[in-house]
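Q: Chain by chain, the residues:
Protein chains: 2
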Amino acid sequence: MAKIRAKTGNITVEEYVNTVKSFHGYAAPGVIIGGFMVNLAHQHLPDGILLDAISETEVCLPDAVQLLTPCTIGNGWLKVFNFGRFALTLYDKDTGDGIRVYIDTEKLEKWPEIKSWFFKLIPRKEQDAEKLLQQIIEAGAGICSYQKVKVDLAPLSKKHRAKLTVCPRCKESYPAADGAICRGCQGQAPYLK
Amino acid sequence: MAKIRAKTGNITVEEYVNTVKSFHGYAAPGVIIGGFMVNLAHQHLPDGILLDAISETEVCLPDAVQLLTPCTIGNGWLKVFNFGRFALTLYDKDTGDGIRVYIDTEKLEKWPEIKSWFFKLIPRKEQDAEKLLQQIIEAGAGICSYQKVKVDLAPLSKKHRAKLTVCPRCKESYPAADGAICRGCQGQAPYLK
Numbered sequence: 001m002a003k004i005r006a007k008t009g010n011i012t013v014e015e016y017v018n019t020v021k022s023f024h025g026y027a028a029p030g031v032i033i034g035g036f037m038v039n040l041a042h043q044h045l046p047d048g049i050l051l052d053a054i055s056e057t058e059v060c061l062p063d064a065v066q067l068l069t070p071c072t073i074g075n076g077w078l079k080v081f082n083f084g085r086f087a088l089t090l091y092d093k094d095t096g097d098g099i100r101v102y103i104d105t106e107k108l109e110k111w112p113e114i115k116s117w118f119f120k121l122i123p124r125k126e127q128d129a130e131k132l133l134q135q136i137i138e139a140g141a142g143i144c145s146y147q148k149v150k151v152d153l154a155p156l157s158k159k160h161r162a163k164l165t166v167c168p169r170c171k172e173s174y175p176a177a178d179g180a181i182c183r184g185c186q187g188q189a190p191y192l193k
Numbered sequence: 001m002a003k004i005r006a007k008t009g010n011i012t013v014e015e016y017v018n019t020v021k022s023f024h025g026y027a028a029p030g031v032i033i034g035g036f037m038v039n040l041a042h043q044h045l046p047d048g049i050l051l052d053a054i055s056e057t058e059v060c061l062p063d064a065v066q067l068l069t070p071c072t073i074g075n076g077w078l079k080v081f082n083f084g085r086f087a088l089t090l091y092d093k094d095t096g097d098g099i100r101v102y103i104d105t106e107k108l109e110k111w112p113e114i115k116s117w118f119f120k121l122i123p124r125k126e127q128d129a130e131k132l133l134q135q136i137i138e139a140g141a142g143i144c145s146y147q148k149v150k151v152d153l154a155p156l157s158k159k160h161r162a163k164l165t166v167c168p169r170c171k172e173s174y175p176a177a178d179g180a181i182c183r184g185c186q187g188q189a190p191y192l193k
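As you go down the protein sequences, you meet chains Y and V in turn.
Counted from 1, the first sequence has number 15 at position 15 by my numbering; the numbering is strictly sequential.
Counted from 1, the second sequence has number 4 at position 4 by my numbering; the numbering is strictly sequential.
Because the hints were derived from the structure by calculation, they are not lab data.
Hints may be right or wrong, so weigh each one.
Heads up, the list lumps identical chains together, so a pair's fine if it works in one copy or across two of them.
Heads up, simulated EDC-like pairs for lysine to aspartate or glutamate below, C-alpha to C-alpha not over 16 Å straight-line [claimed, not checked]:
1) Lys79 to Glu58
2) Lys193 to Asp97
3) Lys171 to Asp104
4) Lys193 to Glu130
5) Lys7 to Asp47
Using the sequences provided together with the hints, build the complete structure.
A: Listed below in structure tokens is the structure:
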């Protein structure tokens with residue numbers, strides 16, 4: 001079986017599934033499919049470029065990108081645009097030239113288990129998880145298509161190092177541009193009083 | 001030296017630093033500090049509860065949470081609120097009761113390298129990276145404080161499985177509630193025409 005390109009070197013699909021289990025908690029279908037999607041993008045990109053990544057959904061795909069590329073949420077090389085499209089893009093961070101991979105809904109016709117999972121056609125409890133995983137691994141990138149894209153780098157470019165100050169209310173540091181007190185103390189914190 | 005609680009079992013600080021290097025790309029000061037912050041939160045939470053997590057910044061801390069807890073961006077158990085506060089919360093997903101850990105700016109006075117890095121007081125090039133990492137490891141959670149919080153679960157509760165449809169323009173699936181065409185085709189995609 002073909003290998004999947006990971007952060008360093010190639011790994012087997014089985015190794016990838018195990019990595020997903022330990023990082024994501026379980027072998028989520030979306031993260032497994034995401035592995036084949038990242039791999040397809042890698043295959044159509046030149047070697048030796050510095051990659052940035054975009055996920056067009058916050059579900060599952062960010063973890064495939066984080067496990068297989070240098071791009072993570074915390075280092076800022078992966079950005080999530082939550083459009084609800086099951087698609088990801090790897091691109092040259094200098095030029096914006098990249099490969100966008102998406103689920104090709106027409107190609108799903110051949111894979112009934114994947115199709116019913118993807119479109120949520122049956123309740124999750126009734127889904128045959130084993131058969132689904134089997135079809136996902138058999139299909140590989142065969143349910144995906146890709147396109148060349150040019151990412152608009154301007155809105156993504158790293159902000160200048162924001163000037164920090166100490167919030168007079170909570171005494172924590174925050175970007176001075178946020179106002180006289182931090183956004184948390186402005187009432188945006190997700191905590192109950 | 002004290003150990004750090006990871007996804008499964010405890011690891012040494014050195015093991016954590018190596019994990020950060022391979023996942024995040026380098027031993028970023030913020031992710032190393034984040035490890036001590038997650039550990040401090042763990043120490044004040046009961047065992048055997050299902051955890052969700054919040055990061056109040058998109059910088060560095062999400063990777064510490066993802067490496068040391070079951071919570072990732074892709075599985076939805078980690079949410080990022082980008083307030084620019086260097087703080088994180090681990091909480092019981094059923095009750096919202098949690099521990100919020102933050103950098104205590106007063107405690108930074110004892111650690112000049114960490115303070116100058118944290119407040120960006122000197123250009124990154126002039127920062128002594130080795131001395132900084134040394135101070136971070138020596139300080140551990142000693143630069144942090146924590147507080148009990150109750151997370152407001154209502155706005156965070158999982159949305160019902162959104163009905164999906166196929167976009168007549170791009171032929172990809174998207175949440176039907178987004179409109180007659182997907183948000184990407186509505187002009188929100190980050191790609192140049």
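Q: Pop the pair Lys193 and Asp97 into one bin, within, between, both or neither, using alpha-carbon distances up to 16 Å.
A: Between copies, since 12 Å is at most 16 Å while 47 Å is not.
Q: Indicate which option fits the pair Lys193, Glu130 if close means a Cα-Cα distance not exceeding 16 Å: within, between, both or neither.
A: Result: close neither inside a copy nor across copies, 45 Å intra and 41 Å inter.
Q: Is it within a copy, between copies, both, or neither that the alpha carbon of Lys171 lies no farther than 16 Å from that of Asp104?
A: For Lys171 and Asp104, only the inter-copy Cα distance (8 Å) is at most 16 Å; the intra-copy one is 50 Å.
Q: Cα distance capped at 16 Å. Does Lys7 pair with Asp47 within a copy, between copies, both, or neither?
A: within (13 Å within a copy, 33 Å between copies)
Q: Could you place Lys79 and Glu58 in one of the four classes (within, between, both, neither) given a Cα distance threshold of 16 Å?
A: Classified as both: same-chain Cα gap 10 Å, cross-chain 10 Å, threshold 16 Å.
Checked against the numbered hints above, the structure breaks only hint 4 and satisfies the rest.
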